[in-house]
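**Student:** Here is how the chains run, residue by residue.
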Amino acid sequence: MNAEAAAGALYGGLRIDHVSHRYGKTVALEDVSLALAPGAALALVGPDGVGKSTLLALAAGAKTLQQGGIAALGAAFADRRARESVQPRIAYMPQGLGRNLYASLTVRENIAFFARLFGHDRAEEARRIPALLEATGLMPFADRPMQKLSGGMKQKLGLCCALVHDPDLLILDEPTTGVDPLSRRQFWDLVDSIRQSRPQLALLVATSTMDEAERFGQVVMLDQGRILAAGSPADLKRQSGTTTLEQAFIALLPPERRGGLDGEPPAPSPYLDDTAEPVIAARGLTRRFGDFTAVDHVDLAIRRGEIFGFLGSNGCGKTTTMKMLTGLLPASEGEGFLFGQPVSAGDFAIRRRIGYMAQSFSLYGELTVRQNLVLHAALYGLSEADAVTRSKAMVQHFDLKPYLDAVADTLPMGVRQRLSLAVAIIHEPEILILDEPTSGVDPVAREAFWRELVRLARAQGVTIFISTHYMAEATRCDRVAFMHAGRVIATGTPAELQAAQGAATLEEAFIAYMELGGRSTEPAPAMAVATTVAPVSQGSIGVPRGLFSGRRFRAYAWRESIELLRDPIRLAFALFGTVMLMLIFGYGITFDVDNISFTALDGDGTPESRAYIEAYAGSSYFKREADVVDGAALLQQLRGNRVALAIEIPPGFGADLRRGRNTEVSVWIDGGMPFRAETIEGYVRGAHSSFLAEVVRQQGREVIASANLVMRYRYNQAFRSIDAMVPALFAMMLMLIPAILTALGVVSERERGSITNLYVTPVRKLEFLLGKQMPYVALAYVNVLLLIVMTVFVFGVPLKGSLIGLLLGGLFYVLASTGIGLLTSCFTRSQVAALFGTAVLTIMPTVHFSGLMQPVSTLQGGARLIGAFFPATYFLRTSVGAFTKGLSLADLMPFILTTAAFWPAFLALAWLFLRKQEA
Amino acid sequence: MPSLRNVLRLCGKELTSLLRDRVLFVFMLYAFSLMVYAQATGTSHDLVRASLGVVDEDRSALSQRIIDGFLPPRFQKPAMVSPDAVDHAMDQARYTFVLNIPPDFQADVLAGRHPDVQLLIDATAVMQAGIGANYIQSIVSDEIGRFLRRDAAATPDSVELRLRIAFNQTLESTWFTGAMALLQVINMLAILLTGAAVMREREHGTLEHLLVMPVRASEIMLAKIIANGGVILCLSLISLYVVLEAVLGMQIAGSLSLFFAATAIYLFFAAALGIVLATFAGSMAQFALLFILVQMPMYMLSGALTPLEAMPGWLQTAVQLLPTKHYVAVTQAILSRGAGLETVWPEFLTVFAMGAAAFAVSLLRFRRFLSLQQ
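Here the protein sequences come in this chain order: D and B. The numbering of the first sequence is numbering that gives the first Met the number 0, which starts it at 0 and goes up by one. The numbering of the second sequence is numbering that gives the first Met the number 0, which starts it at 0 and goes up by one.
For reference, chain B alone in the conformation it holds in the complex (with noise of 0.2 Å):
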């Protein structure tokens, strides 16, 4: 068994060594504090300002009025375009909507002609470009309907659909860009902390050192992430309370303190996985690369930034193994869905369960890594 007694010692001894590191101090806070921010404020998933550009041919009542129905925050104001310069503001990406309202629009469709409008989409721009398609579609024809002084679903639109968005129903979603900014500073920094611990203890003897004294392997270990889970945890509570709470508003409909807990789990797991990196690392520059390769797929493919759902079957069984995945999905859960602990238990034990095999194979390794770079 683990001393407590040792644990607590060396816990002591890891701070004062993180602590110590002031430039590494910095990089944390400002990841904590200003890179959430920027992330929770400046990005967005859904559609807001976006930009479109529109070609004005008619120059009529109506497709004025089409052109104002585009209005922030989910689009900038539309800026005008001459035909011959679509093509080239569309390379360089300036607008991701360019309108075509042909000439004798208005007139055209007084006269019941129907007439073409045409959208240009840069279908590069992947995550706007479907759902801002939607929205054009739909305000192009409100307004004229509007414009011809009739409902614009006047078609025999007998049955009303009531969308409602259940859970975040403004689908605001700075809370949801600045809990995933924290969790991918989170993920990145207890990955990187533990295994960057351990890796330097062994470069500099001191590992090998703790292991003629009466001091177990699990202690070191336990130490390691008790100490610097710890500080991260601490952070990302100011950064969840302070940036996230009191600096943006962030309105939740779960409880915080579940939140937390899930957080502590993740990082349980996320700070063993550092150690386990370690033990296969020769190097730091190794550690290093292991570190971007087992960190980046983690983070990208845990649903925080791009549907589950869209990806191949094959991957989509294999993220069910990612801990992100499960801390993903307990977040959105916790915070917008108000789930209680009763929902997302089986989540909790998942992430747990991981953190917990990660720590049983970095004690297995640990004798044979010390022997590694000899």
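Here chain D stands alone, though its shape is the one from the complex (with noise of 0.2 Å):
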């Protein structure tokens, strides 16, 4: 550690110092340098994907540092110990609305879950919540799920989860991206009397929207990795010469990273007129979910080359009223319609003439930039040579060449935007519908977007129907609508809305037609209420230090379980899933051969050979079809599989056994099934010598036999299939279904993005994956018990043995199958692929080598190898031994004991394969 390095380890805030970070080939930042005192506040703005995103999360410790020192608080993050010892004192908000919130948790719930984490206890818990919860405004909502909030609501309950402990240190990523202009005031404010309760906390932010900025002390700018220009924003403005930030930041950058800005107002249309027909409407568009209505009688008119604005609050319908328009969603009332035809949803021809842009991103994120752009271009119906020069042209006017073969969810989160407004107008459509698509974009891209809709509205005569959060970008409209609670309040130019309601600017007008429509726009109130709630404590308070904390474990095993008993189909699915399964297979996986069709060809005719055919007819092991005339259609009996066996009587079969001259009889027998042939083999044997013996009876001849072998049937006296496999079934019930059901518990948190909880908070990887891994053994066990009672009452096999042992076997049997699930997890990128491991790694072995089908002790090579390492090998003889054999609990410890082996090995290699902060 360098001197600086360890001044800034004293250092009470945060210092970065000469970061450098890359992803592969590609810098994301290059010697980055920063401090943040105690107390400040620091805006960091840039251009999208210079690094603002890396180096927060590198900030915030859920990143691995490659190079340079990071302190924060008086710790240097490269000593893990330390880093961990002032994590529980730094809130990380990522990047997304709600990104790492859980979606079917309520609000309450979802901070109560943050405060375990971090150690509260219920006393404390039920102190902070209610008064964060009022502080921020959510009261109202703490029982509604997160994924029923409104984009502001999501974040601000982010906040919320943020603040539950007390944090020295604010990490928030563009926190107010997609989130409309009211709710973003409130969250600013909410913000700023959080700081002032909190003296001592610093915050560093990282944003798009520069009026955002000015509200900070100290401002840096970031471009392609390197820090282009910090200050206060009065010094940036002072620096560039310029009056705004937004100019600022535009003047500071290079001149080939700045585009032509000329911010100039666009020159009316030349397409607009009145008379004609709208080429958008809407005429008392309605649409209803349940019985809450998201959309109330909307009327819309959009002319021809008219860019036409759509603003209101997150939630109020505005997505939801362009579904409609593109056919995506049908309207329970009213009707859309686009170049004055209805909107259909089979309609091809309009189809080709819409550009639409989804609100969140919709491309494939696993193609790269060029290949989502071809295709796109093909599926429009672009020619080959068109798709080149258009692709081109998108590539040009939104700046993507750099990121050209960059797959596109490893894009930041502006570039994207970018590429699926380049995909919505690749086919140069003539009605452009886009829903929020400057989200998180910075300036600069923004403003050659907007340059480029006006252009395509002025010059092409384009239709343009955008939602927006940005007022600036209100007012470059030819007219907007306000939308409130699924009605739009108000429609008009920008001019003349402001006249309405005689307001100075834009925003002004809206905020007061939100009130007019019935919007509550105080602003929050006083974070104060929450601190002298929850008085500041000092340091980590009551971070419970050492290896295991059961708090935080219960923590995540609580949330789980709230997931879990959520999702009732998936519970139904689970249980009565095995019930049936078990049914199925306790009646069907039988190795009873009996009911074997068979055919004659009798040659003979005689009363011997019918007696002959007569002892096998007679058993209920054979079914007698119907019999054949000659050797073909024997054999076209078997090929068909109609019958399984063919009997061949030669004539003079009767004449020679009178005489007691030697005879002989043709058996055939299917062999496509080895195991079947080998069975039928041992019955026509039997039945031949029942057929001799009865000969011999009726000659009045002693049937001589030097030894009787007496065979014993041991465990299954009756030799019933049912009664040997339904306690040999548990083994695979007991594997398949809880290790499916864990198999997506990692993989999942990781596609949804919640697993930046386990990099950024106190909780340990075995805390996290034990409290992942518990609901499911509950769920798993509830299995166990339901298994037993079915195959005692359903099935009738009597538990003969120790039922201690089986339960007990039981237990270690599903925190194996469960964990092998969470290992599959641990180490898989995505869901397919861990369900398909999962799936390969258990189905196979438990059906195959683990004494199912035939005794592992008859296995050979790999197959025994896997075996021996499987631990459905040693369940399926505890349960086979506890009901079957009737063994004791003596007898089954040796089983039991090596089933519970498995349990802390595939732990601990799940323990391996999870990073405790993000590569």
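Be a bit skeptical, because a hint or two may be false.
Just so you have them, the derived chain B footprint on chain D, three or more residues with Cβ under 8 Å [what the hints assert, rightly or not]:
(1) 371 to 381
(2) 585 to 597
(3) 679 to 691
Just the calculated beta-carbon pair ranges, DEER-fashion [what the hints assert, rightly or not]:
(4) D/Leu-911 <-> B/Gln-91: 28 to 38 Å
(5) B/Leu-320 <-> D/Val-628: 31 to 41 Å
(6) D/Ala-900 <-> B/Val-25: 21 to 31 Å
Take a look, some chain D residues computed to stay more than 12 Å from chain B by CB distance [stated by the list, open to error]:
(7) Leu-33
(8) Ala-300
(9) His-396
(10) Gln-859
These are calculated hints, taken from the structure and not from any lab test. Idealized CB from N, CA, C, for every residue including glycine.
Take the two lone chains and join them into the complex the hints point to.
**Tutor:** What follows is the structure, encoded as structure tokens:
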């Protein structure tokens, strides 16, 4: 550690020293240094994809530091212990609305989960949560699931979760992207009041909205991984000789990154003609979801060449309206029209003339930028040549060249939005329906985009219907509509709307209309409320030390259980599915070979030959089908799988037998399934000898046998398949479903983004893993009990041995089987891979190598080896031993103990594969 | 009508996405190579390597002769067990069979006193117990007969039983278990890959995006079936020719290309089924469970593992609805009985019709499915 870093270690705020970071060959950050004093606030601005998010994730400890030093709150991050000791005092909200929150948990549960992760006890929780809910105005929504919140509320909830443990360093990554103007204002007011009530709180924020950056004491401009400029907003404006931070930002960029910026108001469109029929129209358009009306009798008329803006709070029905106009959602009432035609889902001619961009990124994340462009051009039916020209034009317009071969998922949010836009207009549509296209896009790219829109509208007469949260963008529209709670409350040109409310700016007009529409616009109550209830505690409040905290483990287990319980379909599948499979397999998987259909070719036709055939037909093992008349027909019957056995009796059979001459009978057995063939062979020999014995007896001779083989079928005297198979099936049932249930646990958190909570909260890997596993163990154990009850009462297989042994073995076995799912989940990167991996790793060994089908002692090679290292092998002996063999606890012990050894092994492997920090 | 161009374009997209997931691909390779190999070589459906313990209380020439009669590959070398260790050894599933030769056995045989030999069978080893007992019985009586220097069946065995195994004469089970292992991998992968691909596209909003473009739902489905099915078909081809034919030297009676055609038709069904399942699931976690609940019975009851005749009547009727049952029947017919298209076309048609039905259902449910989880 150099001297500077050492000094940083003592620093109470945040200090970043010469940090560089790369992803493969791409440099994300290059020698970045900055310092943030306690109580100070710093905004990080810059174009999309310059490393803002990377820097914040590093500062939060979510990513592994590659080069340079970071010290926060007096601890250097290079030292794991030091980092972990201060991590409870850092709060981090990653980019994306509610990305680290849990969709099916309610507002209150989300906060409670974080409170528990940070070690608060119930009393503390009960004190803090109401205070935070009160302060953020979320109290009325406390019991609403997170997924049903609007964007602005999600972000407030994120803030509550971040603040529940009194952090000293708060890191927010583009917290207001995609949030409506009112909520945005409330959000920042809330942040301000938090800062007032916690003077030592250091705040680090990334934003793409420059007027937000104005609120901060320090602004750092990043470009291409380097710091371009730093200072107070006033400094930056002075440096660049501009009056707003947005202008300063553009002025400070190197000229080639700047793009032309004129900001001129759009010239009136030459196409606008009030008398012409509107290109997009809605009449009484209504959409209900259950008893909730999302869109309530909306009327719109948008003329050709018009840029029509659509503004309103999050969740007011803008997206639903747009979806109905594209035909994605059917309307409950009313009608939409495009080009004067009623909207119909199947009209391809119209689809080709529309470009649509959905609110969330909906291109193929696993394809590269180039592949996405080419695919969409082709799907819109562009010719090969056109596709190339248009793709090139799009790459240039949206400055996508540096990202052409990057996989879309790895792109920064702003670049992804640009790509979506490019895709939406690649086929030169006549109508563009754009749902918040510029959320999270930096000012330069936004400007370029708007110039493209204006050009399309003015030069080509393209009709543009766009929703946005930026007032500056709204003022560039020909007309705007304000929407609230499913209704359009005002429509007009920006100037008209301003004049109608006597407002100086469009934003004021917007707020005035929102109030008229019934939306509460009062500022958020002061955060002081929260802090008086929950006084600032010092240091790492109640964070349990040591290797394992029961409280954090319980927090994860509790959260996972709630998610499971909120998904009744999954629960039902898991419980009834087991019952159903057991019934099917219990009756269906049987090795009792009987009812073997056979045909006879009786070339003799004497009483003797008929008696011979009767020796078969009389047995319950065989079922006689119609006789055949020649050899060819006999083979045909066999080949067509209509019979499994054919008996051919030669002419003269009866005569030979009567005269005591040797004769023969030919029997054909279908060898297609070896097991069945061998069993049939045994039966045939039996039927044959009983026929012979009968002949001998009729002739009055004595049957001579030198010795008798007395067969004793042990454990299952009746040799009923069901008695042995049903207990053996336990091993299969309790492997597949529990493993598949657990398999998505970790990997789905990774896909959703909530894995961040593992990276940045004090939770340890073991607590996380066990917390994720235990709810499924409990569920699987219900299955154990269900299976036992079914076996005894439905299948009538008595439990002859130790119940305790069975219960104990079952417990260890479900620990092992859920452990396999957990392990697969830790080393796969996609849910598909986790599912298939778990299926491959469990189904085949369970069915084939564990003794279910054939005894393990007769397996060989790889199969034997896999069987030996698979828990099902040992549990199968436990369940069969306990049920059918009647073994005592002591006899079962070796199997139980071996089964028990698998759980720690799987857990240890999962622990090794799981990372506490992102690479 | 679906446009071929769009289908091909979407296929290309599917392939790119599929091949990008390395871990998944490793699992796929593993399943098609090592898993099929291990199952084909390691397990068998006939009696091999049966474990036998012997309690020899006679220690005579005859008893030794009987013991020496148990030969590989049917039996492992018999292990000597002391009388009081029998119970424990059987409890621990060490031996499936224990043969107890009583004291003075040889003397009793020679004196014509017909002594008893006791055979203990672990009846929980369902698959081997019955067959094994038959074998042991014939070995014991053969050896005694030879010892007495007369034919074992010297009883007036005037009717000779000529047993012939039609098809697969050696009752070789490697190819059978191999082909069945292949079926399982195909079945699992086809349902899972296409189904999960649909789930994933919905979760990421990409399906919706496709539907505002001039693309038909049928094109999206077909592309998924063709692309995922194609990859699986290629892998099964490799598995068939490399693992089963080249490495294991599987000898088959019928035409491989016919078998391959059957596999392709089956894949069409399985992939379409994957999409149908996906349209019924609200989330990936639900899809996973649905997959298990549907896939396992389809495989276990297909006749690949257990004889169908043994099932209760209602179940036998029900399994007629399983395409896996027909596929297994076709496989056995082609691979072991050398059946040609003229014999198996009804099954081909049945599986194809089921595939077409699944495809139709998935199309019908498609739009509803999009709005299922919003």
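**Student:** Each hint needs a verdict: does it hold in this structure or not?
**Tutor:** Structure-based check of all given hints:
1. Chain B is given as covering the region 371 to 381 of chain D, and this holds because 6 residues of the stretch bring a CB closer than 8 Å to a CB of that chain, at least three being needed.
2. For the region 585 to 597 of chain D, the stated coverage by chain B is satisfied: 11 residues place a CB nearer than 8 Å to a CB of that chain, which reaches the threshold of 3.
3. With 7 residues carrying a beta carbon less than 8 Å from a beta carbon of chain B, the region 679 to 691 of chain D meets the three-residue requirement, and the given coverage holds.
4. Checked against the hint of 28 to 38 Å, the pair D/Leu-911 and B/Gln-91 passes, with Cβ atoms roughly 33 Å apart.
5. Checked against the hint of 31 to 41 Å, the pair B/Leu-320 and D/Val-628 passes, with Cβ atoms roughly 34 Å apart.
6. The hinted range of 21 to 31 Å is satisfied by D/Ala-900 and B/Val-25, whose Cβ atoms lie roughly 27 Å apart.
7. For D/Leu-33, the non-interface assignment is confirmed: its Cβ lies about 35 Å from the closest Cβ of chain B, beyond the 12 Å cut-off.
8. At the 12 Å boundary, the C-beta of D/Ala-300 stays outside the reach of chain B, the nearest C-beta of that chain being 22 Å off.
9. Every CB of chain B is more than 12 Å from the CB of D/His-396 (nearest about 20 Å), matching its label as outside the interface.
10. Listed as a non-interface residue, D/Gln-859 fails to keep its Cβ farther than 12 Å from every Cβ of chain B; the least gap is roughly 6 Å.
Comparing the model with each earlier hint shows a violation of hint 10 alone; every other hint is respected.
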